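**Q** Chain by chain, the residues:
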Amino acid sequence: MKIGSIIGQSTTALLANKGRSFLTVLGIIIGIASVISLYSLGQGVKENVVGNFSFLGAKTITVSSQPIAEEEDTDNEREGGDGAFGIGGGPGGGMGAFRMRPSDPTLKVSDYKDIIDIEGELMEYVTPEVNGNVTITFNEEDLQFNSSGVSSDYFLMNDKEIEYGNNFTEDNIANSENVVIFDADVAKEFSDDSSNLIDRIISIGEIEYKIVGVVKGEEAENDDRPMMRFGGRNRNIYLPYVTAMNNFEQEYINSITVNAINEESVNSLAAKIEETVLENHEFDNLDDADFMITTAQDILDARNSAISVFTNMLTGVAAISLLVGGIGIMNIMLVSVTERTQEIGLRKAVGAKTRHIMIQFLIESILLTGAGGIMGIIIGKLLTDVVTNYVTANAALSLDAVLIAVIVAVVTGIIFGLYPAYKASKLDPVEALRYE
Amino acid sequence: MKVIELEGIRKVYEARKGNQTNALQGVDLTIEEGDFVAVMGPSGSGKSTLLHIIGLLDKKYSGEYRLNDKSVINLSENKRADLRNEEIGFVFQRFNLLKRTTVINNILLPTVYRKTKDDLKRALRLIEKVGLNDKAEHRSNELSGGEVQRVAIARALIKDPTILLADEPTGNIDSKTACIIMDLIKKINEEGTTVILITHEENVAKYAKRIIRILDGKIIKDETP
Chain A
18 MKIGSIIGQS
28 TTALLANKGR
38 SFLTVLGIII
48 GIASVISLYS
58 LGQGVKENVV
68 GNFSFLGAKT
78 ITVSSQPIAE
88 EEDTDNEREG
98 GDGAFGIGGG
108 PGGGMGAFRM
118 RPSDPTLKVS
128 DYKDIIDIEG
138 ELMEYVTPEV
148 NGNVTITFNE
158 EDLQFNSSGV
168 SSDYFLMNDK
178 EIEYGNNFTE
188 DNIANSENVV
198 IFDADVAKEF
208 SDDSSNLIDR
218 IISIGEIEYK
228 IVGVVKGEEA
238 ENDDRPMMRF
248 GGRNRNIYLP
258 YVTAMNNFEQ
268 EYINSITVNA
278 INEESVNSLA
288 AKIEETVLEN
298 HEFDNLDDAD
308 FMITTAQDIL
318 DARNSAISVF
328 TNMLTGVAAI
338 SLLVGGIGIM
348 NIMLVSVTER
358 TQEIGLRKAV
368 GAKTRHIMIQ
378 FLIESILLTG
388 AGGIMGIIIG
398 KLLTDVVTNY
408 VTANAALSLD
418 AVLIAVIVAV
428 VTGIIFGLYP
438 AYKASKLDPV
448 EALRYE
Chain B
3 MKVIELEGIR
13 KVYEARKGNQ
23 TNALQGVDLT
33 IEEGDFVAVM
43 GPSGSGKSTL
53 LHIIGLLDKK
63 YSGEYRLNDK
73 SVINLSENKR
83 ADLRNEEIGF
93 VFQRFNLLKR
103 TTVINNILLP
113 TVYRKTKDDL
123 KRALRLIEKV
133 GLNDKAEHRS
143 NELSGGEVQR
153 VAIARALIKD
163 PTILLADEPT
173 GNIDSKTACI
183 IMDLIKKINE
193 EGTTVILITH
203 EENVAKYAKR
213 IIRILDGKII
223 KDETP
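Keeping their order, the protein sequence lines are chains A and B. Numbering-wise, the first sequence is residues 18 to 453 according to this note's numbering. Numbering-wise, the second sequence is residues 3 to 227 according to this note's numbering.
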């Protein structure tokens, strides 16, 4: 049997009804385009998550405040603010530029100190974070930045290299000195040459601070991380946490971040931290507590399950459109068998066997779905490119996705072409030749 | 040598509501190699049914049929397809060619299912024989009725069959073209191929060496003009 001739004849038959063939494969095109785009996007998002995982560090444990719904803030002392700048939330927050954060901090310096004192040499770095917003007046212009009160460990655990100047010293922290470190982007707003900024004095509200360091700028591509905080990772100014708490009149810490010495120690260290902070806060278990402990694995798990839901949903959409597309193929192939009954009779008369007719019609439906598959791949690729512009996922058309799409298209062609092909092959030659 | 031997062939069509039509009622017929037989009879007399049985297209009948001295009664569908491909060439009254397919590919159609050596060379020789050299690459829908039948004849001969079966090959064409077609078929018969032709036209039947007349499923006359 000459397969080449059969394919040629099948192509001729399909091209004879171009419009009909195109409409028939529309469902397949949509199905394959969804398969391609969701697979590419899925891969992109996954890579992103893995990227974030390494960015967060598999060794990272975060203790953060968890507001308790019933607990109202009764002893409010907010009149203490000076109005020039503000620190997010908590008793003692300023007025004016002051902004409420969704959750009030509950962690205290004692929690941070007790975590440092945990025995067993499981920790590499520990830093508290006291978050807020500050307004710096420069050249008669008010510039808004995020502020973080941290320890010197903050820069070490986050790979933030101090390009000019120095990290906070023990004295800076112990004496609650008015010193700041700028992120690279912040520094750029004050001077084109960041090295000039070291030892310069800036004012935040009524208090003057000395710039002691400028963090090295990160590559632009790293800014695409969806985990990035709003406001920009590179637009922070940093103060010793003690300074932040004193000057911004904040009693509480937003979060404490701990790096375990290695990944194996994460769980035991997290357990010890939990025990320590539970005791400090007088809670029996973490579910009731006013704080929560998150490891990088928790975040990864949560993201993965969110991605799975998204992927499963899209897979469902793709499956439904392939099913509908497949039914369209089956329908048109049945029409084709009826239309070409005499041709089938003629072919049988000149010696075509049952399997020859079967193969011919299967080839036709595979050609239909295959063509739909190729168009779907192209459209899926375009779709992926468009979507990639709106979400930060490095989605790329992989060979895997193309192979999957081709296999799915061919299998759809076989499944939905089987019945029409069987019907054609079983036609009685005499009846077929007589068919009007 | 006997090419076809039919003994007591009966064919009954089961119609709906249990009605039965006796299309063939015990046909006995022997055809020798190189014969040119015209089967004549009015519509519904059973001549097409007889041709379908001889052409191995129909297997639902009773009686004995030997083709080239071998019984074909119990052959599988695949074996019958092989025999149709290799031993029998068909020319039908209508729907002879694949639409939108070139003349050369229509002629080569039987070789799609069983290729032999020099298929293309043979096809080109046959195109010349039927006088369509300049139309090899034309599509079948660009041909006239007479040309279509000539392509069908070339296709029927591509596998060098023992028997050429023609079912009213001049039915849809004018008398002048019919003469060209019949001259061609006669020439093929003179070159050794056994020809069995169904017609209801006397002037077509006169090309044959033997005329069989059928009525109500029975042979009523078998004559040599």
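Careful: at least some of the hints might be erroneous.
[As the list claims (entries may be wrong)] Distance ranges between label pairs, derived from CB positions:
1. B:144 with A:336: 44 to 54 Å
2. B:68 with A:35: 46 to 56 Å
3. A:448 with B:76: 14 to 24 Å
4. B:73 with A:371: 14 to 24 Å
[To be verified] Now the stretches of chain B that chain A is said to cover, found in silico as 3 or more residues with beta-carbon under 8 Å:
5. 52-64
6. 67-76
7. 80-86
8. 100-106
9. 203-212
No lab work stands behind these hints: they were computed from the structure. Nothing here was measured: the structure is a model prediction, and the numbers come from that model. Quick reminder that beta carbons are idealized off the backbone N, C-alpha and C, glycines included.
**Q** Decide, hint by hint, whether the structure agrees.
**A** We went through each hint and held it up to the structure:
1. B:144 with A:336: 44 to 54 Å: holds (45 Å)
2. B:68 with A:35: 46 to 56 Å: At roughly 50 Å between Cβ atoms, residue 35 of chain A and residue 68 of chain B fall inside 46 to 56 Å, so the hint holds.
3. A:448 with B:76: 14 to 24 Å: Holds - the Cβ-Cβ distance for residue 448 of chain A and residue 76 of chain B, about 22 Å, lies within 14 to 24 Å.
4. B:73 with A:371: 14 to 24 Å: holds (22 Å)
5. 52-64: Held - the region 52-64 of chain B has 4 residues with a Cβ nearer than 8 Å to chain A, which meets the minimum of three.
6. 67-76: That given contact is violated, which follows from only 0 residues of the region 67-76 of chain B lying within Cβ reach (below 8 Å) of chain A.
7. 80-86: holds (count 4)
8. 100-106: n = 4 at 8 Å, threshold three: holds.
9. 203-212: With 0 residues close enough to chain A, the hint is violated.
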